[in-house]
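Colleague: Sequence:
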Amino acid sequence: MSDFSSLGLSPAILKSLARAKFTQPTPIQEKAIPLVLAGHDVLGLAQTGTGKTLAFGLPLIDKLMAQPGKPSPKTCKALILAPTRELVNQISDNLAGLVQGTKMNVATVVGGQSINRQITQMHRGNDILVATPGRLIDLMDRGAVDLRYTRHLVLDEADQMLDLGFIHALRKIAPRLGTPRQTLLFSATMPKQMEEISQAYLTDPKRVQVSPPGKAADKITQSVHFLDSKAEKARKLRDILSADMGALTLVFARTKHGAEKLMKSLRADGYNAESIHGNKSQGQRDRAIKGFRDGKVNVLVATDVAARGIDIPGVSYVVNFDLPDVPDAYVHRIGRTARAGREGEAIAFCAPDEADNFLQIEKLMKIEIPTASGERPSEAVRPSARAARGRGRGGPRGGNKGRGGKPQGKPQGQGQPQGQARAQAQSKPRGEAKPKVDAGGNATPKRRRPRRRNAAAASA
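Position in the sequence shown (first residue = 1) + 21 = our numbering.
Fair warning: there could be bad hints in the mix.
[Said to hold, decoys possible] Between beta-carbon pairs, the in silico distance windows are:
no., residue 1, residue 2, range
1, Pro-201, Pro-89, 17 to 27 Å
2, Pro-373, Gly-164, 48 to 58 Å
3, Ala-289, Gly-267, 13 to 23 Å
4, Met-266, Arg-197, 27 to 37 Å
5, Lys-311, Arg-363, 19 to 29 Å
6, Pro-201, Pro-373, 47 to 57 Å
7, Lys-227, Arg-197, 51 to 61 Å
8, Ala-33, Glu-364, 32 to 42 Å
9, Tyr-170, Ala-289, 47 to 57 Å
10, Met-266, Gly-199, 53 to 63 Å
11, Ala-289, Pro-32, 36 to 46 Å
12, Lys-42, Gly-312, 18 to 28 Å
[Stated by the list, open to error] Below, simulated DSS-like cross-link-like pairs (lysine-lysine); rule was C-alpha separation at most 30 Å, straight line:
no., residue 1, residue 2
13, Lys-95, Lys-84
14, Lys-311, Lys-42
15, Lys-301, Lys-317
16, Lys-285, Lys-301
17, Lys-285, Lys-52
18, Lys-251, Lys-387
19, Lys-227, Lys-384
20, Lys-42, Lys-52
In case anyone wonders, no lab produced these hints; they're calculated from the structure.
Every residue gets a Cβ at the ideal spot worked out from N, C-alpha and C, and that includes glycine.
Use the sequences and the hints to build the structure in full.
Modeller: Structure below.
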């Protein structure tokens with residue numbers, strides 16, 4: 022592996038990296054930085070936690086530092102779009118640290134904060150603007166943003182923007198940018214619609230890929246528990262949490278109501294838990310995440326929308342209490358652990374009415390997730406797995422190593438779960454539905470026909 026000095030970065034950037042104690046680039050950084058510096062459009066595919074922010078941030082800052090002149094009022098030289106407030110704030114904090122000591126500035130605009138203050142911020146002009154699409158459109162509609170002189174566009178976690186319905190916002194924003202323009206698109210997965218976006222907004226892009234789309238990080242150990250009810254899920258969660266009370270554990274629920282109810286039941290049983298979801302204010306979400314990062318809270322219950330963009334290297338376990346409706350979301354969820362080269366464990370709970378969801382997850386990831394407990398339902402056995410067993414690959418395998426339970430199979434390239442302890446308590450959170458976000462970047466209620474229930478679910 023090369024070091025940063027061999028990638029073509031300027032001495033000023035190298036000095037910033039040394040100050041921040043970054044020594045060697047990650048694979049995505051090593052491949053993407055020279056291409057961005059050379060002016061190419063880039064399509065980058067990598068899991069979360071692989072260093073994508075620096076992969077586009079370092080060369081972008083380097084190029085902007087070489088451009089003379091201050092940005093005019095209401096303009097920005099570079100625009101970075103991300104799907105959630107948390108991710109925008111994370112990107113902004115990282116880049117602000119790199120431009121420290123220079124005359125460059127990084128501005129942030131997200132929903133849930135004073136728009137008048139953001140209008141004032143935009144009026145002074147900014148080198149780099151990091152924004153959620155919804156709030157950016159609000160500012161554009163008020164005449165507070167002028168994108169005609171923006172020559173660099175970054176779409177981070179682009180697949181999540183699609184999932185949240187921001188494609189219409191992108192279609193409104195992109196034509197307002199200046200030309201010629203360099204566009205960088207980064208994503209963990211590559212659904213069909215992503216190919217269409219690439220063709221529409223990127224010009225002769227260079228594709229950078231450090232792992233197959235939809236593949237989890239190599240250091241994530243996965244397992245699944247097949248459980249018959251919410252009560253069984255609640256008991257199993259307490260078993261898992263009690264195995265390592267001090268570890269940081271991120272638990273995913275499908276809806277706001279379910280996340281809040283589960284958090285309260287865990288607190289009642291003595292667990293140090295917090296929750297983040299769309300019904301929480303931005304301040305409440307920020308405080309919960311900070312407490313989790315600092316170790317003051319060791320169990321964080323979250324919905325998909327609220328948890329996107331969380332970058333906490335110390336997360337040891339991700340528990341999918343409810344499986345997501347969208348398979349890509351599973352990849353993003355488990356990417357919250359095993360960050361920055363660490364190891365982590367991802368544990369899934371699958372109820373009978375989630376078997377179809379589970380099958381789609383395995384299909385996307387092209388693996389069979391080891392069974393830690395329960396019986397794999399027939400509809401959740403992939404045809405390729407049945408054929409493999411016919412060739413003599415079947416039968417119980419693995420050991421009893423992880424707090425996720427005893428796996429009965431081990432996919433190629435995956436470790437075994439580690440250990441299991443005892444604890445008991447009950448909670449019965451309600452099932453939940455796929456989140457929807459409005460143009461302002463905020464979660465909104467959505468009624469949908471449930472898969473196998475006769476009740477409308479709350480949004481995440």
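Colleague: Each hint should be assessed against the structure and marked as holding or not.
Modeller: Hints, verified against the model:
1. Pro-201 / Pro-89: 17 to 27 Å: Between Pro-201 and Pro-89, where Cβ atoms are some 18 Å apart, the hint holds.
2. Pro-373 / Gly-164: 48 to 58 Å: Since Pro-373 and Gly-164 have Cβ atoms about 54 Å apart, the given range 48 to 58 Å holds.
3. Ala-289 / Gly-267: 13 to 23 Å: holds (20 Å)
4. Met-266 / Arg-197: 27 to 37 Å: violated (51 Å)
5. Lys-311 / Arg-363: 19 to 29 Å: Since the Cβ atoms of Lys-311 and Arg-363 sit about 20 Å apart, the hinted range of 19 to 29 Å holds.
6. Pro-201 / Pro-373: 47 to 57 Å: The hint (47 to 57 Å, Cβ to Cβ) holds, given that Pro-201 and Pro-373 are roughly 54 Å apart.
7. Lys-227 / Arg-197: 51 to 61 Å: Violated, at about 25 Å.
8. Ala-33 / Glu-364: 32 to 42 Å: Given range 32 to 42 Å: holds, Cβ gap about 35 Å.
9. Tyr-170 / Ala-289: 47 to 57 Å: 55 Å Cβ-Cβ, so the 47 to 57 Å window holds.
10. Met-266 / Gly-199: 53 to 63 Å: For Gly-199 against Met-266, whose Cβ atoms are near 54 Å apart, the range 53 to 63 Å holds.
11. Ala-289 / Pro-32: 36 to 46 Å: violated (57 Å)
12. Lys-42 / Gly-312: 18 to 28 Å: Holds - the Cβ-Cβ distance for Lys-42 and Gly-312, about 25 Å, lies within 18 to 28 Å.
13. Lys-95 / Lys-84: Distance of about 21 Å is within 30 Å: holds.
14. Lys-311 / Lys-42: holds (22 Å)
15. Lys-301 / Lys-317: holds (19 Å)
16. Lys-285 / Lys-301: holds (14 Å)
17. Lys-285 / Lys-52: Cα-Cα ~45 Å, so violated.
18. Lys-251 / Lys-387: With Cα atoms ~28 Å apart, Lys-251 and Lys-387 stay inside 30 Å; holds.
19. Lys-227 / Lys-384: Holds, because 27 Å separates the two Cα atoms, which is no more than 30 Å.
20. Lys-42 / Lys-52: Distance of about 20 Å is within 30 Å: holds.
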